[in-house]
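A.B. asks: Here the structure of chain W is known, so what remains is to put chains A and D with the ligand in place on it, guided by the hints.
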Amino acid sequence: MLTTVIEKLKLHFSNSILDVREFRGETTICVNKADIVKVCTFLRDDESCSFNYCSDVCGADAYAPENRFEVIYNLYSLSYKHRIRLKIFVDESDLHCPSVISVWPGANWPERETYDMFGIIFDGHNDLRRMYMPEEFEYFPLRKDFPMMGVPDSIPLPRK
Amino acid sequence: MNIDQAMDIRQQKILAALENKNTSVYFDDALDNEMILNMGPQHPATHGVLRLLIKLDGETVAACVPELGYLHRGYEKLAENVSYHEFIPHTDRLDYLSPLMNNTAYVLAVEKLVGIEAPKRVQYIRTIISEMARISSHLLGIGALAMDVGALTVFTWTFREREKMYDIFELLTGARFTTSFTRVGGLAHDMTPEVITAIKEFIAQFPEKLNECITMLNTNRIFVERMDGVGVITQDQAIAMGMSGPNIRAVGIEHDLRRTQPYLVYNELDFNIPVLNDGDCLARYYVRLNEVKESVKIVIQCLDKMPAGPVHANEPKKVLPRKEQIYTRMEELIHDFMLINFGVNPPVGEVYHAVEASKGELGFYIQSRGEGHPWRLKIRSPSFMNLQSTSLLVEGGMISDIVAVLGSLDPVMGEADK
Amino acid sequence: MGLEHALGDTALTTTIDSAINWCRKNSLWPMPLGISCCGIEMMAFAMPRFDVARFGAEVFRFSPRQADLLIVAGTTTYKMATVVRKIYDQMPDPKWVIAMGACTSSGGMYRTYSVVQGIDQFLPVDVYVAGCPPRPDNLLHALIMIQEKIQRGESRSTPMTVTAERQEQQLLQIQGINNN
Ligand code: SF4
Numbered sequence: 007m008l009t010t011v012i013e014k015l016k017l018h019f020s021n022s023i024l025d026v027r028e029f030r031g032e033t034t035i036c037v038n039k040a041d042i043v044k045v046c047t048f049l050r051d052d053e054s055c056s057f058n059y060c061s062d063v064c065g066a067d068a069y070a071p072e073n074r075f076e077v078i079y080n081l082y083s084l085s086y087k088h089r090i091r092l093k094i095f096v097d098e099s100d101l102h103c104p105s106v107i108s109v110w111p112g113a114n115w116p117e118r119e120t121y122d123m124f125g126i127i128f129d130g131h132n133d134l135r136r137m138y139m140p141e142e143f144e145y146f147p148l149r150k151d152f153p154m155m156g157v158p159d160s161i162p163l164p165r166k
Numbered sequence: 417m418n419i420d421q422a423m424d425i426r427q428q429k430i431l432a433a434l435e436n437k438n439t440s441v442y443f444d445d446a447l448d449n450e451m452i453l454n455m456g457p458q459h460p461a462t463h464g465v466l467r468l469l470i471k472l473d474g475e476t477v478a479a480c481v482p483e484l485g486y487l488h489r490g491y492e493k494l495a496e497n498v499s500y501h502e503f504i505p506h507t508d509r510l511d512y513l514s515p516l517m518n519n520t521a522y523v524l525a526v527e528k529l530v531g532i533e534a535p536k537r538v539q540y541i542r543t544i545i546s547e548m549a550r551i552s553s554h555l556l557g558i559g560a561l562a563m564d565v566g567a568l569t570v571f572t573w574t575f576r577e578r579e580k581m582y583d584i585f586e587l588l589t590g591a592r593f594t595t596s597f598t599r600v601g602g603l604a605h606d607m608t609p610e611v612i613t614a615i616k617e618f619i620a621q622f623p624e625k626l627n628e629c630i631t632m633l634n635t636n637r638i639f640v641e642r643m644d645g646v647g648v649i650t651q652d653q654a655i656a657m658g659m660s661g662p663n664i665r666a667v668g669i670e671h672d673l674r675r676t677q678p679y680l681v682y683n684e685l686d687f688n689i690p691v692l693n694d695g696d697c698l699a700r701y702y703v704r705l706n707e708v709k710e711s712v713k714i715v716i717q718c719l720d721k722m723p724a725g726p727v728h729a730n731e732p733k734k735v736l737p738r739k740e741q742i743y744t745r746m747e748e749l750i751h752d753f754m755l756i757n758f759g760v761n762p763p764v765g766e767v768y769h770a771v772e773a774s775k776g777e778l779g780f781y782i783q784s785r786g787e788g789h790p791w792r793l794k795i796r797s798p799s800f801m802n803l804q805s806t807s808l809l810v811e812g813g814m815i816s817d818i819v820a821v822l823g824s825l826d827p828v829m830g831e832a833d834k
Numbered sequence: 470m471g472l473e474h475a476l477g478d479t480a481l482t483t484t485i486d487s488a489i490n491w492c493r494k495n496s497l498w499p500m501p502l503g504i505s506c507c508g509i510e511m512m513a514f515a516m517p518r519f520d521v522a523r524f525g526a527e528v529f530r531f532s533p534r535q536a537d538l539l540i541v542a543g544t545t546t547y548k549m550a551t552v553v554r555k556i557y558d559q560m561p562d563p564k565w566v567i568a569m570g571a572c573t574s575s576g577g578m579y580r581t582y583s584v585v586q587g588i589d590q591f592l593p594v595d596v597y598v599a600g601c602p603p604r605p606d607n608l609l610h611a612l613i614m615i616q617e618k619i620q621r622g623e624s625r626s627t628p629m630t631v632t633a634e635r636q637e638q639q640l641l642q643i644q645g646i647n648n649n
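Chains as they are written, first to last, in the numbering used here: chain W, 7 to 166; chain A, 417 to 834; chain D, 470 to 649.
With the rest of the complex left out, here is chain W:
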């Protein structure tokens, strides 16, 4: 089932697919950042893919000089019951990437969370506020260079 999906993707988006990885029976497809919305729309609408359920969107920090951040989409198909994972790379110099909430509205909060934790800006998102941390917080906690105990006095405590 998944092989047809991958073949179809390769056929339609030969230029945007950067890499296909297999590990423990799971497929990860690395996609060009600019084409993610197109690929996602295709995966959702195509008859034999039908990835209509977006399980999760999350970020990761590779802490590398190039392509430091990754945005990962875990997709699921309710009709075919298969999973696939897409991945795009976001460089530190340009933290923008397209938002997929037009494809799956449910990606709204996960994208906000990714913004909150990594500072990746999703273009086209209608409500890109911080998800967990207070609004005035200036840092992005899940970046590898953020200390686990945080920055002292970055969030004020009430007076005693």
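Simulated from the structure, these hints should not be mistaken for lab results. No residue lacks a Cβ here, since even glycine has one placed at the ideal position from N, Cα and C. Take the hints with a grain of salt, since some may be wrong.
Here chain W is said to cover these stretches of chain A; the calculated rule only asks that three of the stretch's residues, wherever they fall, bring their Cβ under 8 angstroms from a Cβ of chain W [as the list claims (entries may be wrong)]:
#1 421-433
#2 479-489
#3 532-545
#4 670-681
Chain A side only, calculated, beta carbon under 8 angstroms to chain D, not exhaustive [claimed, not checked]:
#5 Leu469
#6 Arg509
#7 Thr594
C.D. replies: Coordinates of chains A and D with the ligand only, in the frame set by chain W:
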């Protein structure tokens, strides 16, 4: 920045978000006007520390913005700094209503990453404890929902049953609900015969007690009418918003990972997946209720079928050895030392493993770089995704229905805020 | 109470005080601030099995205005801290605070950027309860300790006028400890 300025900024941003919604407001009389109401984070009906900002048009909810993060404890950062085993206690506190289920879900993900499979007995025990956890979680969910809409007695009754389960968990794991029972490739220890007897006793008397609650609620017109037709969501919306668990099964979609992507021993068991079509609060309540009954069936089958055998996979380099062996044998001592000091060290790669937890699809996405701790661990928490539809469910309804809707969504903030 | 001002330090006021304290300690109205996992054990503490009603503290009020015992049960994050403080400020005097669980007492297992390492950084705490989560019995014990504290008249919010006899008593106690 001082505290007052900080509060100002928070307030402004939230108000700006409320203003953004396209809402039409009309005035019929002087009392009928727009107002912004803050609900939570300390509110008995928000099940923890959820905060809702509600724009009211008279009694009708015109807009609703949920605000999370009051319980953001930084699990994902913690996970990157502790070893795979050290993270197990943290999974207890994710969804603290069904900790055993979270333990299982997490170790299953790690086992997939490491590439080991636990012995059959372990899988049966894990299934039993998952289903027990599901029962206890749904019991609290039902009880709290009933309490929210005004039936306090049922809550004390379901809590009585939960106390019995706590006793069993205590017998099994040593703690009432911070259990940390599973290990990578096995369990902390075997399920003793006393525990099995205790579970059997509990299961034998449970359906009758459950029936008490059911009669109390299902025949109660106030309860039923309070929930009927309230907070309706359609199939397409539910899929698009990424709902899962009983909430998506209440709109007629048979999405249950126990059936669609079987893990543990679920494909060897005979059980039904309750599905209803209404998509309102009452349907969500009925789905939970029926799931409890199915879980009872599963536990009984597992107890019958459970084989004897070891409770640790035979992978000395990945699975913590037994305590007795560490003290008496050289090789186990070395393995224990290596595992504790350097960790499990799975190969480089990434996995996503999801289980059907009591609230919905609970997934762990782990990136490994071959070290003793995860490079990145993402928790796909069902409550977070379910809460996302709150505004859809309450907008256009009455303000008093918010309580029923939240209760029927059954979110746990520990998991939603991570 | 105001009585002290009218009557001064006499045997009568101390007797009245002790009577009032006795009433107060047996009718505590807790404000349950169930933030996370400890909140579940706090529910268990109120439910029939552990039955806090035996200690006269079963009237859980969800409004701080009607409560005099704040039970902070659960991890307090920086974002939540302002809320907790606001709730505390709204409670009428005299009031007491129980920090339930490792998280509220010291940050517990969460040494992270978002968790306050102990609510005593912004709240006065009367009793700390150890455990993760503390068993309901443990919380009951904390309640009893608060009751003892009230009976001794050691409410911090309304400091007791220390009478001469009391001072003497305390001195004797301290000497006794030193001698032992
Ligand atoms: S002390 Fe333990 S049980 Fe209590 S809130 Fe903290 S983590 Fe949860």
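A.B. asks: Take the shortest C-beta to C-beta distance between arginine 509 of chain A and chain D; is it under 8 angstroms?
C.D. replies: Holds: closest Cβ of chain D sits about 5 angstroms from arginine 509 of chain A, inside 8 angstroms.
A.B. asks: How about threonine 594 of chain A: closest beta carbon in chain D under 8 angstroms, or not?
C.D. replies: Cβ of threonine 594 of chain A sits 6 angstroms from chain D, so the hint holds.
A.B. asks: Regarding the hint that leucine 469 of chain A lies at the interface with chain D, is the smallest CB-CB distance below 8 angstroms?
C.D. replies: violated (14 angstroms)
A.B. asks: Taking a Cβ-to-Cβ distance below 8 angstroms as contact, does the region 670-681 of chain A have at least three residues touching chain W?
C.D. replies: holds (count 3)
A.B. asks: Can you take a look at whether the region 532-545 of chain A is actually covered by chain W? Rule is 3+ residues, C-beta closer than 8 angstroms.
C.D. replies: Answer violated; 0 residues pass the 8 angstroms Cβ test.
A.B. asks: Go check the region 479-489 of chain A versus chain W for me, would you? Three or more residues, Cβ under 8 angstroms, otherwise it fails.
C.D. replies: n = 3 at 8 angstroms, threshold three: holds.
A.B. asks: Can the region 421-433 of chain A be counted as covered by chain W under the rule of three residues or more with Cβ-Cβ separation shorter than 8 angstroms?
C.D. replies: Held - the region 421-433 of chain A has 7 residues with a Cβ nearer than 8 angstroms to chain W, which meets the minimum of three.
Of the hints listed earlier, those the structure fails to meet are numbers 3 and 5, in rising order.
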